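Read off the chains here:
Number of protein chains: 2
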Amino acid sequence: MKVVGLIAEYNPFHNGHLYHLLESKKITKSDYSIAVMSGNFLQRGEPALVDKWTRAKMAIDNGIDLVIELPLIYACQSAEFFAFGSVKILDSLGIINSICFGSESGDIQSLDYIAEILYEEPEAYKKYLKSHLDQGLSYPKAREQALTKYLKEFADLDFSNIEEIISSPNNILSIEYLKSLKKIKSNIRPFTLKRIKSNYHDKKLTGTISSATAIREQLIRNPVLENIKHTVPEATYTHLVNFYKEHNGFNSLENYSIILLYLLRNSSSSILKNIVDVTEGLDNRIIDCSSKYNDISDILECVNTKRYTITRLRRILIHLLLNIDKKNINFLQSYGPQYIRVLGANTNGIYLLKEMKKTCSLPIITKFADYKKFNNDILNKMIEIDKKATDIYSLGLNKGKMNLDYLTSPYIIST
Amino acid sequence: MKVVGLIAEYNPFHNGHLYHLLESKKITKSDYSIAVMSGNFLQRGEPALVDKWTRAKMAIDNGIDLVIELPLIYACQSAEFFAFGSVKILDSLGIINSICFGSESGDIQSLDYIAEILYEEPEAYKKYLKSHLDQGLSYPKAREQALTKYLKEFADLDFSNIEEIISSPNNILSIEYLKSLKKIKSNIRPFTLKRIKSNYHDKKLTGTISSATAIREQLIRNPVLENIKHTVPEATYTHLVNFYKEHNGFNSLENYSIILLYLLRNSSSSILKNIVDVTEGLDNRIIDCSSKYNDISDILECVNTKRYTITRLRRILIHLLLNIDKKNINFLQSYGPQYIRVLGANTNGIYLLKEMKKTCSLPIITKFADYKKFNNDILNKMIEIDKKATDIYSLGLNKGKMNLDYLTSPYIIST
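First to last, the sequence lines map onto chains A and B. So for the first sequence, my numbering puts the first residue at 3; every next one is plus one. So for the second sequence, my numbering puts the first residue at 3; every next one is plus one.
FYI, nobody ran anything at the bench for these hints, they're computed from the structure. Model, not experiment: these values are computed from the prediction. Don't take every hint at face value.
The list treats identical chains as one, so a pair stands whether inside a single copy or across any two.
Claimed, not checked - Pairs of lysine-lysine, BS3-like flavour, derived with a Cα cap of 27 angstroms:
#1 Lys359 - Lys185
#2 Lys231 - Lys187
#3 Lys129 - Lys401
#4 Lys294 - Lys389
#5 Lys128 - Lys90
#6 Lys185 - Lys383
#7 Lys275 - Lys383
#8 Lys374 - Lys294
#9 Lys360 - Lys151
#10 Lys231 - Lys356
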């Protein structure tokens, strides 16, 4: 039995994701696939277009065997923590042989070489990093430039295209996955697939493989579902149509505009300083911009600098919205993931769950209310944040209900 | 020189208000009129249809000589505190000879007789009140029944219609005005005008005098301004049209639905208990209902009982929204009003302001930024709540700006 692990947001599950699933199983020679998927709020600091159960349905109906939720304290974080939470969960299942992630480079050897440097942090690299940070560069930019210098000086592989490698978002994530595998000394074998046709940030709908960003943009601005039909598998389309029928729209950060304005304008420097990623000076910058503009995107643009990227700022907004502070997040993250929360499974997935009972190092939660049975205070706090996130996610939707974590069963189908 | 004081919300200034102004000047034989008017949030626990400056414009353009703002800590309170703040402000001006308020009864003698009982609280009355409260009646209901009993037993006037008198909202307010005059031992002479044609809570638009409630209902549900044109003076109509053009709508509690849902669902019993009027048990009732319904009016209906009236519940929501707690309100109220904030004046009003420099016992603020000059910490805290209320009021409007208190001058016209 061979199982491949995938890390995804499926926001929504499109033709590119289907290609990725099929190719991943092929190149890793796997019989089964398990995806660890973000819940209702995502790495880019946004609510998901459709809720986590709908996205799990899309994944299962498109051939993923088992979908597990990535806890919010990892899902809405920078690449480093997002990657660590995802890899650690896949590793803890005890049945994953390989993981396969998309990257712009498609070359596992060079990505792993870079990951090794970032993991080991040789002295020369550390020196370069510090000097770039001192120049006022954002952490990702400083890291990019330090790596470039280091590789040019010391690498035995050809890194003539290094700038390109380490400035591409999926390469960055891939490197973090590889770093995390090293950190936890995992036996999982990493693979990468070169991403095809569409760029990550591409907003135009092109051909049958479009970026999730382009699809979302289309669905939020002008929700004529027919327009994106050619970019997603049929199962996704059906679930999108049903979700749209129920809520008369999709979710987006804009649906929280008035709450965010309210929170920002009633925030103090001391509240903001307690939020993850709010470093010295950013608190006052946010307060100042919030009093000048009435629109969240105008506020973000006002705060945005080289050092404070829009994605980072959006994640700060989500943490403000969810009212989770730095101390709490750091404390919980220090324990690592505490549970395996099942969102969906097909017949194969049910079989995998049975196997996992023998191998998995974390409690498996299929019925939400069961979480209290484990008498684990850290687990409780971590999963209650997921519940709170769902309740606040519902606020952004027409007819959004409370307590969906208690009310919704995982999506189980027999195949 | 004779000056009549009026107490109003002008939400919006309609034909009934104009009639009230003209009749008040006539029966009190006054040359001048001064209105103390609620700011952006009102006694019924709602944001005003249009902001306080627009409502001041309506009042001035319809013949009021001077408009003064009632601080939020009095404006969004039960009749007792609303009345006290208003009467105290009018009294502190030092130039008011009479006040004239509308009432359903129109009989100042019987209203004043009742006010005297409520102010003096004779033993027999107190006993009746306690026994009705113990039965679980709301305070207004218990007071109504205790008064009825007391008057039937002791009064020398004819009080055969007492139930009718003390269950009518404008009589209740009138009694509170009279009680406040007694409390502060004011020399101002009270007058009352019998309200004509329309009932306070009447939602239908009838003839040329309609209730403000009916007019608001019409403007919020179906903002065709032509439909209410016959119920308001021309000046009001013009200002309503301009406001609508600027904001593409009017303000209402519904505009805060998502913020209120967010706040309610993230509230704890201990947060709610700190809000004015949240008595034992109401906190949990609110939390429970908030998790069951997605709509503020459904939540209010769920919480509503004999004891907890909808108006009281809406005021609780406004205090939650403005994040002002009981302790703070009680502390500030214990000092009484601290400033005379001018929102508008005509040539007569400017003359009155000059006269008041010799007579007024409180600092007069025409330019908002000047408030700090008085070096009065209580004044600062009280007026900063008005500023905060304006900023949150703006959130409910399309293109609502921050810091309007600093940016907007009083409406001054020469007549």
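Going back to the hint list, which numbers does this structure go against?
When the structure is compared with the hints, numbers 2, 3, 9 and 10 turn out to be violated.
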